[in-house]
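Here's the letter readout for the chains.
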Amino acid sequence: MTAPADTRMSVQLTVNGSEHAIELDTRTTLLDTLREHLKLTGTKKGCDHGQCGACTVIVNGERINSCLSLAVQHQEDEITTIEGLGTPDNLHPMQAAFVKHDGYQCGYCTPGQICSAVSVLNEIRKGVPSHVTDDLTGPMQASNMEMRERMSGNICRCGAYSNIAEAMAEVAEA
Amino acid sequence: MRSFTYERASTPAQAAASVSSRQGAKFIAGGTNLLDLMKLEIETPTHLVDVQDLGLDQIERTEDGGLRIGALVTNTALSAHDAVRNDYAVLTRAIAAGASGQLRNKATTAGNLLQRTRCPYFYDTDMPCNKRKAGTGCAAIGGFSRQLGVIGISEACIATYPGDMAVALRVLDAVVETVRPDGETRVIPIADFHRLWGDTPHIETALEPGELITGVTLPRPIGGQHFYQKVRDRRSYAFALVSVAAVIQSDGSGRVAFGGVAPKPWRVAEADALLPNGAKAVVERAFQGAKPTEDNKFKIPLAERALAGLIAQARS
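Top line first, the protein sequences correspond to chains A and B. Here my numbering is used: position 21 in the first sequence is 203, and no number is missing along the way. Here my numbering is used: position 95 in the second sequence is 98, and no number is missing along the way.
For reference, chain B alone in the conformation it holds in the complex (with noise of 0.2 Å):
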């Protein structure tokens, strides 16, 4: 690991400020993904503004009955947290099917958002990669390819957003807000979050240089049945191969979101609308345009069969 110099910031404003007027400056929340990538030397911040003082761990109700979401606030806490059980369960079920009770306890919802691909070519540094070092290439194309993405790709880069939450997150329409270097505060809509990076795959998320997540907003409740499907070779503790979130109402209409296929959480409004139409007509418009390789080609009819038995089971 690279030396680097630390301190803790007061304000979330103060923070960003701080990361922006230093060449190289991270944040860091949990740093359950950040640590392990700064020892492998793929992160190398030469200064961290760690953010847990700032206040943003709290879960409360927003005036139309919605809920705000601290951006520190655990995975344990908010998939624990009873309004979350209650309104909005695809998104503990999403939480729950992540990572381990270790990392949960340490990992925040803003730093959830901001975890980087799983892609093994990213991961080992021998290799080139566009995304860890820009104009490097490609090593995942032509390589094994079975974990990475089938749709939203581009010729410089197929890897995935690897996470389960942010899927949740994309069903339920939250929103993300922002403070940025000058104090000035915004929000970002779930589905402009994170890019479809095209030739620039290392600029993942719409955030600018400094920008730092204060929390996350949930409109109110839309009721329904709400699934987390997620296949993965082993039962626990594993990433997601392809995973389903869905919300199902009672007349077989509802949403519908993809993880581990794309670099965002993937969800097309035309493919929801099919939804009482069956998972195949879903998931034919949710995949169009999609270009598998051999490797990986497995995952749309997975994506089908995993959302198939959530509509049997919402129906049962």
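Just chain A, same shape as in the assembly (with noise of 0.2 Å):
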């Protein structure tokens, strides 16, 4: 069934740097819009609703669930995905951190665990408290339990967690 015109819109997003304008039925998340439309599949779908992290990109500087938005909800937005973090010749720090530190095993939740690692540790730098958090006024820690807590909206079914939190400790600590 076609839907009527006016379940379609316009969208212009900056995506790693890149303008797009985009034509998209109102339905279509924000995922999609980068898989499907723009080709950006470094970003992935696990579960589609926003349980397993997998589709996390950074929009505005902040870690959102791609796949718990609609494209037309970031008219004029800037998005970076894993594509836009770092290349194969110039990987970014915590790219360069999860291979040293074999963060990651099947490799399918690991652009989302990549993602949500390096705005984790802008959070911490921002003074964004945690359930962790001991003191609420004093300076935030980057510590492991920290981490692991601020990370546990990214699930690793091959259990790469603790080479996760010490790729992200050697990040933290650069």
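Derived by calculation from the structure, the hints in this document are not laboratory data. Any given hint could turn out to be false.
Okay, derived cross-link-like pairs now, PhoX-like style, lysine-lysine, Cα gap no bigger than 25 Å in a straight line [what the hints assert, rightly or not]:
#, chain 1, residue 1, chain 2, residue 2
1, B, Lys136, B, Lys294
2, B, Lys42, A, Lys221
3, A, Lys227, B, Lys294
What follows is a set of in silico ranges between Cβ atoms, one per label pair, in the way DEER data are often shown [unchecked claim]:
#, chain 1, residue 1, chain 2, residue 2, range
4, A, Ser192, B, Lys294, 50 to 56 Å
5, A, Cys340, B, Arg64, 46 to 52 Å
6, B, Gly58, A, Gly243, 18 to 24 Å
7, B, Ala311, A, Thr196, 51 to 57 Å
8, B, Asp129, A, Glu201, 20 to 26 Å
9, A, Ser192, B, Asp129, 36 to 42 Å
10, A, Cys229, B, Lys294, 32 to 38 Å
It should be emphasised that the depicted structure is a prediction, and the values quoted were computed from it without experimental measurement. Beta carbons are placed, not taken as given, at the ideal position from N, Cα and C, and that holds for glycine.
Assembling the complex is the task here: the two chains are given apart, and the hints tell you how they should meet.
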């Protein structure tokens, strides 16, 4: 069935520094826009319900689940996906640390893990408290427990968690 | 997901008028709960009114020394705000105990108040559910009820309000500010915001059709030690089996509200008054008249032990 015209809209997005204007069905999630329309397939679809974190991207500097967001909500937003963080020849420090510490096995959750990990260190730097922060008014520490708590929205069925936390610790200390 | 049209509103009153004038229209803010439900066709709006451009994303002091939180302030921004961390720490603690970092970055103050229950039968569209479709029955009664409500529930529905933030707002005596489709504003005390739904479990709040939340205000800080204890099946990123928000003063008096047990954050004034007598006295009074099932009767002693732990911390 063809949807009526007013359920299609033009959306302007800046993705990894490139501007795009795309006409989309209003139902299109940001995740499907990236993967199916812009062919940026680094961002993965896991559960499609915000439970696994594989679709995590960075929007206007903050990590979100791209599966639980409509493209039309992101008019003129700036989006960074795994493809925008680094390239094979010029890895982002977090990508390099994941390689060094074996922070993945099958790799499916990895783009979401890395986008989340980069954002977690920013959140700690900005002083965003977490569930395991003891002193809400003191400086935030990038401790192992803080990393683990803050990464709980990213599931890894291979169980690479301890290596992910080590990769993050290395970047946090750099 | 069903088809829908979409618009961005430019003022709160216009947003409210737009939703009230179109059958099947809904507001969308962060969308983290609504889109999940739309994918499952539990929510099937025909028109979405996006409220992100309404300028309701500020936190400011009120004239009487309290705090006004815009409806669109994200959970992350609210939990990290200096005044909240310093003066309303129970709110920071409650927000940080909920969801994931990704969701808290998108979820808003108003949207969090309006999130729907996580009763598994509400989510399973093959099962009857009076909340999802009025008059179809309740599959949770006699079903798996471990997560579900023990008090304030009805013969039509035993679901709970699932959130954490609102439990903290309840001990802080927050007030919800709204605008109606005709442009009139009103305030709703948090105690009256979520309904005890009785035989109409599909009506969950005091909001009228098209009424838009514009903000939440907190009264002046009340001091004391602030706690939020959340007990759940895993240590992070899970809904509460039981949660306890408490503000305890140095003389042992204070305020207590419970989450994960009822259709609304559960606070009983007479139970608050018993705080100096210990957790057993508070929980006995707060849960007087409870109707737990065999599967979820553990929640009441769990609430008592969680509160006892907080009282011990406050004394140490």
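Quick rundown of the hints versus the structure:
1. Lys136/B to Lys294/B: holds (24 Å)
2. Lys42/B to Lys221/A: holds (22 Å)
3. Lys227/A to Lys294/B: violated (41 Å)
4. Ser192/A to Lys294/B: 50 to 56 Å: holds (54 Å)
5. Cys340/A to Arg64/B: 46 to 52 Å: 49 Å Cβ-Cβ, so the 46 to 52 Å window holds.
6. Gly58/B to Gly243/A: 18 to 24 Å: holds (20 Å)
7. Ala311/B to Thr196/A: 51 to 57 Å: Hint holds: Cβ distance 53 Å, inside 51 to 57 Å.
8. Asp129/B to Glu201/A: 20 to 26 Å: For aspartate 129/B and glutamate 201/A the Cβ distance comes to about 44 Å; the hint is violated.
9. Ser192/A to Asp129/B: 36 to 42 Å: holds (38 Å)
10. Cys229/A to Lys294/B: 32 to 38 Å: holds (34 Å)
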